[in-house]
Amino acid sequence: GNSVTQMEGPVTLSEEAFLTINCTYTATGYPSLFWYVQYPGEGLQLLLKATKADDKGSNKGFEATYRKETTSFHLEKGSVQVSDSAVYFCALSPDIGKLTFGQGTILTVHP
Amino acid sequence: SAVISQKPSRDICQRGTSLTIQCQVDSQVTMMFWYRQQPGQSLTLIATANQGSEATYESGFVIDKFPISRPNLTFSTLTVSNMSPEDSSIYLCSVLSGDTQYFGPGTRLTVL
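These protein sequence lines are chains A and B, in that order. If you want the numbering used here, it's the position in the first sequence, counting the first as 1, plus 23. If you want the numbering used here, it's the position in the second sequence, counting the first as 1, plus 3.
Incorrect hints may appear among the rest.
Unchecked claim - As a list, the in silico EDC-like pairs of lysine to aspartate or glutamate whose alpha-carbon atoms are at most 16 Å apart:
1) A:K100 to A:E38
2) A:K100 to A:D118
3) A:K79 to A:E92
4) B:K10 to B:D29
5) A:K121 to B:D102
6) A:K79 to A:E99
7) A:K91 to A:D77
8) A:K121 to B:E61
9) A:K75 to B:D102
Said to hold, decoys possible - Covered stretches of chain B, going by a simulated chain A footprint (3 or more residues, C-beta under 8 Å):
10) 44-53
11) 86-100
12) 103-114
No lab work stands behind these hints: they were computed from the structure. Using N, Cα and C, we set each Cβ at its ideal position, and we do this for glycine too.
Please take these sequences and the hints and turn them into a complete structure.
In structure tokens:
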């Protein structure tokens, strides 16, 4: 079946530090891959996505590259801000609209 | 884009009772979904709400426990029936608009 594994959190960083949140997946076929973010008190929102191997999704300084050979979709940001504090979910979609999520990683950024 | 609202935003219910959650979208969408996020866990797809036909449930979820209605292209309801404390979760409505999936703010349910 399909599954997504994220690095365990919580992750605590100082402002301007480099961020990596690891995500690996198991899937049949070639699913689309996503990162969703949930800011405190807000709903889940799409951060970035990639639909095929070697695609790079990017948004708000975050990036993730679809690596088929390592079945990974790691999230990176070169310099985090306090406002990036949130819960980050990696997800895959084997079928349109049907998402399989990882367990989520809590990120806290201190000034 | 799509803006989704859910009612209620939260509720505390007694075991054995039922709660109906409403999901309203600001535009017509073909595909609507219901997800559950149990405490400390990730989101799990419950079912696809189909307009004009019965919902399609994922493994582990049944219609008797989670009946779903989809009377039109902008509205759906999810009922959590005969609740137990294990049903305490956040229930989220989701829609596909274009090639992007949007989520509602969620309904936080606590069952005592």
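Going through the hints against the structure:
no., hint, verdict
1, A:K100 to A:E38, "holds (11 Å)"
2, A:K100 to A:D118, "violated (28 Å)"
3, A:K79 to A:E92, "holds (15 Å)"
4, B:K10 to B:D29, "holds (14 Å)"
5, A:K121 to B:D102, "holds (12 Å)"
6, A:K79 to A:E99, "holds (11 Å)"
7, A:K91 to A:D77, "holds (7 Å)"
8, A:K121 to B:E61, "holds (10 Å)"
9, A:K75 to B:D102, "holds (14 Å)"
10, 44-53, "holds (count 6)"
11, 86-100, "holds (count 3)"
12, 103-114, "holds (count 7)"
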